[in-house]
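Colleague: Here is how the chains run, residue by residue.
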Amino acid sequence: MRRVVVTGLGMVTPLACGVEETWSRLLAGQSGAGPITRFDASHLATTYACEVPRGDGTDGTFNPDDWMEPKEARKVDEFILYGVAAAEQAVRDSGWMPEDEDSRCRTGVMIGSGIGGLSTIAETAVLLKERGPRRVSPFFIPGALINLVSGHVSIRFGFKGPNHAVVTACSTGAHAIGDAARLIAFGDADVMVAGGTESPISEIGIAGFNACKALSTKRGDTPEAASRPYDADRDGFVMGEGAGVVVLEEYEHAKARGAKIYAEVLGYGMSGDAYHITAPSEDGAGALRSMKAAVARAGIDPSELDYINAHGTSTMADVIELAAVERLLGDSAGKATMSSTKSAIGHLLGAAGAVEVIFCILAIRDQIAPPTLNLDTPAVETPIDLAPKVARKRDIRLALSNSFGFGGTNASLILGKIES
Amino acid sequence: MSDIADRVKKIVVEHLGVEEGKITEGASFIDDLGADSLDTVELVMAFEEEFGIEIPDDAAENIQTFGDAVKFITEAA
Numbered sequence: 001m002r003r004v005v006v007t008g009l010g011m012v013t014p015l016a017c018g019v020e021e022t023w024s025r026l027l028a029g030q031s032g033a034g035p036i037t038r039f040d041a042s043h044l045a046t047t048y049a050c051e052v053p054r055g056d057g058t059d060g061t062f063n064p065d066d067w068m069e070p071k072e073a074r075k076v077d078e079f080i081l082y083g084v085a086a087a088e089q090a091v092r093d094s095g096w097m098p099e100d101e102d103s104r105c106r107t108g109v110m111i112g113s114g115i116g117g118l119s120t121i122a123e124t125a126v127l128l129k130e131r132g133p134r135r136v137s138p139f140f141i142p143g144a145l146i147n148l149v150s151g152h153v154s155i156r157f158g159f160k161g162p163n164h165a166v167v168t169a170c171s172t173g174a175h176a177i178g179d180a181a182r183l184i185a186f187g188d189a190d191v192m193v194a195g196g197t198e199s200p201i202s203e204i205g206i207a208g209f210n211a212c213k214a215l216s217t218k219r220g221d222t223p224e225a226a227s228r229p230y231d232a233d234r235d236g237f238v239m240g241e242g243a244g245v246v247v248l249e250e251y252e253h254a255k256a257r258g259a260k261i262y263a264e265v266l267g268y269g270m271s272g273d274a275y276h277i278t279a280p281s282e283d284g285a286g287a288l289r290s291m292k293a294a295v296a297r298a299g300i301d302p303s304e305l306d307y308i309n310a311h312g313t314s315t316m317a318d319v320i321e322l323a324a325v326e327r328l329l330g331d332s333a334g335k336a337t338m339s340s341t342k343s344a345i346g347h348l349l350g351a352a353g354a355v356e357v358i359f360c361i362l363a364i365r366d367q368i369a370p371p372t373l374n375l376d377t378p379a380v381e382t383p384i385d386l387a388p389k390v391a392r393k394r395d396i397r398l399a400l401s402n403s404f405g406f407g408g409t410n411a412s413l414i415l416g417k418i419e420s
Numbered sequence: 001m002s003d004i005a006d007r008v009k010k011i012v013v014e015h016l017g018v019e020e021g022k023i024t025e026g027a028s029f030i031d032d033l034g035a036d037s038l039d040t041v042e043l044v045m046a047f048e049e050e051f052g053i054e055i056p057d058d059a060a061e062n063i064q065t066f067g068d069a070v071k072f073i074t075e076a077a
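As they're listed, the protein sequences go chains A and B.
Numbering-wise, this note's numbering puts 140 at position 140 of the first sequence, and it's gapless, one number per residue.
Numbering-wise, this note's numbering puts 28 at position 28 of the second sequence, and it's gapless, one number per residue.
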């Protein structure tokens, strides 16, 4: 099969709008958590989240006008806005802006979302109830549909190859990148713009995840300490928002045009738990099978993995994943570093896997593992270095990213350094 | 210009993001002002909201230009 490399990166996260702005703040140990400002959350069990910082576009703030005409932005849910912004960054970064028809037809888009236009759907439902069907906007449906991110990106750049969207809850971003890489490997496209996006910080989003007992509720006074993967005092995940998008490219195609190559997508594994709608199976078998499948596809030995970006949501499930990784690594567990960047940016749901793959790529580029914030008292003992609180400088040639979603859907990706 | 025309013009500027100078009597929403078919549906909804009137679907189909809109609303309001 054809080799697939990463040639462009883009992201909007609670730390910043932009890849380098986010990465430097992540390595510095900053947190994106704070009180919810988007709406009055005082009546909800959870009053804090990791919101994307809004502003005039300077100092890493997100200014919607920089990414979409205001008259267009008005017609779409925020998850589309974030996804388009991240895609625009990634495409610009890759330098791949083909003008000829053949190249455009060989370039596709696969950007997914876990939930899509949840707040738009909620607001429109209220409008329908209060004022009747004639007040429902013609832009409601196209502004809320998940695959419209891929649609907007294809329209913007004229990319006429495969146009697709993944919906696998919190595994969406990882599945999108893995599946898009397969399309390139199989020859369906030469270039794919792939990733995930989410905007779940709304009254209905927080209320819904509160009802699932999934969110942290106990740290209203210190939101920046609420996301604490592997810590004994963790009490649920902290909701995040944003998007991560990469440009994937067939290796020879990238080399031929002299593209900057960040890393190679070496392995992709998937599995299903067949266990429970929201909880992972307690033996971690699904997670382990997903990782093993990725390792087998990459043709490596698990002992070669240097860095693992964990799913690690700051819930009870953290230790299940940790035990599964220990089983995967066996005697080499003491050599690997594993961290959860959700400690800094919260859980971006359908965007999480894509943002975290980008963190793996940057970890390979800069030879440094981002930290797990707030890890004061590990819930369990482990030989694996969890990079508590401080970024870990180390050799990183191979990195693994895990994503697990509601419904028992698991995805693992292995990224590798390209030797020049 | 009438008060109605001013209010219609303001809505068109907001929704289509066009310069006010382009909105002439005979300017077609689709051909001259960059609207698509969904935009025109939303424009009609905005007119209904602003003027507290109901514009039936068959009448809405005949509102193609800025002048058409002002004329219909003037007669209906």
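Quick caveat, the hints were computed from the structure, so don't treat them as lab data.
Please read these numbers as outputs of a predicted model, since none were measured by experiment.
Errors might be hidden in some of the hints.
To be verified - Quick look at which bits of chain A chain B covers, simulated, 3 or more residues with Cβ under 8 Å:
#: 1; segment: 11 to 25
#: 2; segment: 236 to 245
Said to hold, decoys possible - Some residues of chain A that are not near chain B, with every Cβ distance over 12 Å (derived):
#: 3; residue: F39
#: 4; residue: P138
#: 5; residue: P142
#: 6; residue: G258
#: 7; residue: I384
Every residue gets a Cβ at the ideal spot worked out from N, C-alpha and C, and that includes glycine.
Colleague: Give a verdict on every hint.
Modeller: Now for the hints, and whether the structure bears them out:
1. 11 to 25: violated (count 0)
2. 236 to 245: Result for this restraint: violated, n = 0.
3. F39: 23 Å, holds
4. P138: 4 Å, violated
5. P142: 8 Å, violated
6. G258: It holds; A:G258 is separated from chain B by about 38 Å at its closest Cβ, greater than 12 Å.
7. I384: About 52 Å separates A:I384 from the closest Cβ of chain B, which puts it past 12 Å; holds.
When the structure is compared with the earlier hints, violations turn up for hints 1, 2, 4 and 5 and for no others.
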